[in-house]
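K.L.:
Chain order of the listed sequences is A and B.
The first sequence begins at 3 in the numbering used here and counts up by one.
The second sequence begins at 3 in the numbering used here and counts up by one.
Treat the hints with care, since some could be wrong.
[What the hints assert, rightly or not] Restricting the straight-line Cα-Cα distance to at most 30 Å, the calculated cross-link-like pairs of lysine-lysine (DSBU-like) are:
id : chain 1 : residue 1 : chain 2 : residue 2
1  : A       : LYS271    : B       : LYS28
2  : A       : LYS144    : B       : LYS8
3  : A       : LYS271    : A       : LYS186
4  : B       : LYS144    : A       : LYS13
5  : B       : LYS186    : B       : LYS330
6  : B       : LYS28     : B       : LYS13
7  : A       : LYS339    : A       : LYS186
8  : A       : LYS271    : A       : LYS339
9  : B       : LYS271    : B       : LYS186
10 : A       : LYS28     : B       : LYS144
11 : B       : LYS271    : A       : LYS339
12 : B       : LYS8      : B       : LYS28
13 : B       : LYS186    : B       : LYS339
14 : A       : LYS28     : A       : LYS13
15 : A       : LYS28     : A       : LYS12
16 : A       : LYS144    : A       : LYS186
17 : B       : LYS28     : B       : LYS107
18 : A       : LYS8      : A       : LYS28
19 : A       : LYS8      : B       : LYS144
20 : A       : LYS271    : A       : LYS330
21 : A       : LYS144    : B       : LYS13
22 : B       : LYS271    : B       : LYS339
23 : A       : LYS12     : B       : LYS144
24 : B       : LYS12     : B       : LYS28
25 : A       : LYS144    : B       : LYS28
26 : B       : LYS271    : A       : LYS144
27 : A       : LYS186    : A       : LYS28
28 : B       : LYS339    : A       : LYS271
29 : B       : LYS144    : B       : LYS186
To be clear, the hints were calculated from the coordinates, so they are not data collected in a lab.
Residue-level listing of the chains:
There are 2 protein chains.
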Amino acid sequence: MRVTIKDVAKKAGLSPATVSLALNGKGERLSPRTVQAALDAARELDYRPDQNALNLITHRSNAIGLILPDICNAVFARIAHGAQERCQEDGYHLILCNSDGQPQKDVEYCRVLADRGVDGMLLVLSPDTGGYAAECSREIRKAQVPVVLIDRESREIAAPAVCTDHELGALLVVRHLLELGHRKIGCISGPPGVPSAQQRMRGYRRALWEYGIEQETGLMVEGDYRTESGYWATERLLEQGVTAIFACNDLMACGVYRYAVEHGIQIPKNLSVAGFDDAEFSDVLAVPLTTVRQPSFTLGRAAAERLIAQIRGETVPQEPEVFPPELKIRASACPPKSV
Amino acid sequence: MRVTIKDVAKKAGLSPATVSLALNGKGERLSPRTVQAALDAARELDYRPDQNALNLITHRSNAIGLILPDICNAVFARIAHGAQERCQEDGYHLILCNSDGQPQKDVEYCRVLADRGVDGMLLVLSPDTGGYAAECSREIRKAQVPVVLIDRESREIAAPAVCTDHELGALLVVRHLLELGHRKIGCISGPPGVPSAQQRMRGYRRALWEYGIEQETGLMVEGDYRTESGYWATERLLEQGVTAIFACNDLMACGVYRYAVEHGIQIPKNLSVAGFDDAEFSDVLAVPLTTVRQPSFTLGRAAAERLIAQIRGETVPQEPEVFPPELKIRASACPPKSV
Chain A
3 MRVTIKDVAK KAGLSPATVS LALNGKGERL SPRTVQAALD AARELDYRPD QNALNLITHR
63 SNAIGLILPD ICNAVFARIA HGAQERCQED GYHLILCNSD GQPQKDVEYC RVLADRGVDG
123 MLLVLSPDTG GYAAECSREI RKAQVPVVLI DRESREIAAP AVCTDHELGA LLVVRHLLEL
183 GHRKIGCISG PPGVPSAQQR MRGYRRALWE YGIEQETGLM VEGDYRTESG YWATERLLEQ
243 GVTAIFACND LMACGVYRYA VEHGIQIPKN LSVAGFDDAE FSDVLAVPLT TVRQPSFTLG
303 RAAAERLIAQ IRGETVPQEP EVFPPELKIR ASACPPKSV
Chain B
3 MRVTIKDVAK KAGLSPATVS LALNGKGERL SPRTVQAALD AARELDYRPD QNALNLITHR
63 SNAIGLILPD ICNAVFARIA HGAQERCQED GYHLILCNSD GQPQKDVEYC RVLADRGVDG
123 MLLVLSPDTG GYAAECSREI RKAQVPVVLI DRESREIAAP AVCTDHELGA LLVVRHLLEL
183 GHRKIGCISG PPGVPSAQQR MRGYRRALWE YGIEQETGLM VEGDYRTESG YWATERLLEQ
243 GVTAIFACND LMACGVYRYA VEHGIQIPKN LSVAGFDDAE FSDVLAVPLT TVRQPSFTLG
303 RAAAERLIAQ IRGETVPQEP EVFPPELKIR ASACPPKSV
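Given only the sequences and the hints, what does the whole structure look like? Please build it.
P.N.:
So this is what it looks like as structure tokens:
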């Protein structure tokens, strides 16, 4: 059986109440010998107080909830890793909730975590929140615990956010292609309506604008973040005579690779390719992919940092903290043949 | 502020003790009208009891701890996903602990979770447990909570386990290469001493034995589960005249791909390749990789299932539950040219 305070009391020859005072640093009225006897007995029996009882006294659960769309997606896994590491440093436990990208589950988990009495929540909203963000907001207000949003802000939820600068990431990688001498650069976008995808497109446009290159609508093809869409977009972009393709995520860049292999197009000699995400596989591809690494681990840590500060009662800035992504130059882009 | 039982009592015009009896289904001595008044007030105020208080009464935390080496590894992320889904169905929360593959952290987390009063633990041990497994075992015995081991058994820890049949997986994929007509099949092993790697090697040997093919030691090259080791092993295996390579994980298969691209060897026309793991990228490679899918999600669910059964006081079989992996036939293997 688990060692209880009664066992300690019995061993020390004291009452449980006396042991409790001694162990909780409230032994001013006890003799030093009594305090020592209680401490010795507790150590010998390896007594550790019941966390549930402590929680009830302190009105703290020492638990932080993390809601995210898909733990099997490397970006979210890295966020979870960073958050867990930071929580652990301050003795918080991280409760993992996988919403499967369903916004109604975001709401459900907000409610469940509130019932559980977590000290705070970290929330990576599902892609299409629709009307559910307002419901999340209601649950959060009711729970009266601090919240930090990760990767996505929300007008409905009044909480500090930590984000990746997706626009900057796209700007950096398209600039890299421009610096190599490419002027006809195709872009395979993400699904319309997804904020990160829109920001990446903005970065692409800004880079072209900086170089005084007119945007041709034919060089922008809509994708859906899946490999297959990258494959078909490649066909259309090559018809337009592009020398380089910026795919708005690495999975679509894989689609470009597949098209190239099937059609005898050598990367990067005949076609330069760049992606976004620095997915697990990007570095191990036959031609390692030039891409943008999201600061996901840092994001997870920073979000937990802000949350813990709020739990401690500190005021944290309400404007989002934006982290720069990192350009990863690898082997998939080189100067175009004509240069 | 959070709605408390006092608020409900005030609204209903009852004492908190009466409300407590009514809400906890112990209102036999109360009038039906009183019970109804308490229930109505609770519903109107959206009162939900403090989980910490309930936990103290029920001696349950409704929390399950999951310790794993690396949440950013897709195999473990899928285990976590499966476990979380199963836990959620029974109202348990999953506390995520990332050991970074350090066995001393396994011990630390066992202790911390026990202090927290979790109802049970799911444990994916770090690769090199050394003497730490015995320490984990001590912490678990002290905590007196049920434990289920995932993916790896341990002689030191007396707990049921759920595992992948790595040997069967390797057997299936090497048989596939043999059925295609390959007779000189190279094998790039995992790091020596890692149980899953040893089991995969056994599967490779068993498949050759089934086909009456003598094992040549030159066809077995040691790898370390990293891409680079797959690259260098390929050079050595091609010198031996292999027509197919079985890499004991997908990352090393990527090394084979890279070597092939750099040396103008076409996959699968000139060299068939198979891997193990069905990593996130295996399906999106330019030549989709024939590989073995670990039943990781199923493993996570099954482990949580066994754990919850134990928490309920049911007896579960002590012998490990072994799940078959699935052969994923894709485009990277075809009959050898000479056939």
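K.L.:
Please go over all the hints and tell whether each is borne out by the structure.
P.N.:
Hints versus structure:
no. : hint                  : in the structure
1   : LYS271(A) - LYS28(B)  : violated (78 Å)
2   : LYS144(A) - LYS8(B)   : holds (17 Å)
3   : LYS271(A) - LYS186(A) : holds (15 Å)
4   : LYS144(B) - LYS13(A)  : holds (18 Å)
5   : LYS186(B) - LYS330(B) : holds (21 Å)
6   : LYS28(B) - LYS13(B)   : holds (20 Å)
7   : LYS339(A) - LYS186(A) : holds (12 Å)
8   : LYS271(A) - LYS339(A) : holds (7 Å)
9   : LYS271(B) - LYS186(B) : holds (15 Å)
10  : LYS28(A) - LYS144(B)  : holds (28 Å)
11  : LYS271(B) - LYS339(A) : holds (29 Å)
12  : LYS8(B) - LYS28(B)    : holds (18 Å)
13  : LYS186(B) - LYS339(B) : holds (12 Å)
14  : LYS28(A) - LYS13(A)   : holds (20 Å)
15  : LYS28(A) - LYS12(A)   : holds (20 Å)
16  : LYS144(A) - LYS186(A) : violated (53 Å)
17  : LYS28(B) - LYS107(B)  : violated (45 Å)
18  : LYS8(A) - LYS28(A)    : holds (18 Å)
19  : LYS8(A) - LYS144(B)   : holds (17 Å)
20  : LYS271(A) - LYS330(A) : holds (19 Å)
21  : LYS144(A) - LYS13(B)  : holds (18 Å)
22  : LYS271(B) - LYS339(B) : holds (7 Å)
23  : LYS12(A) - LYS144(B)  : holds (19 Å)
24  : LYS12(B) - LYS28(B)   : holds (20 Å)
25  : LYS144(A) - LYS28(B)  : holds (28 Å)
26  : LYS271(B) - LYS144(A) : violated (63 Å)
27  : LYS186(A) - LYS28(A)  : violated (75 Å)
28  : LYS339(B) - LYS271(A) : holds (29 Å)
29  : LYS144(B) - LYS186(B) : violated (53 Å)
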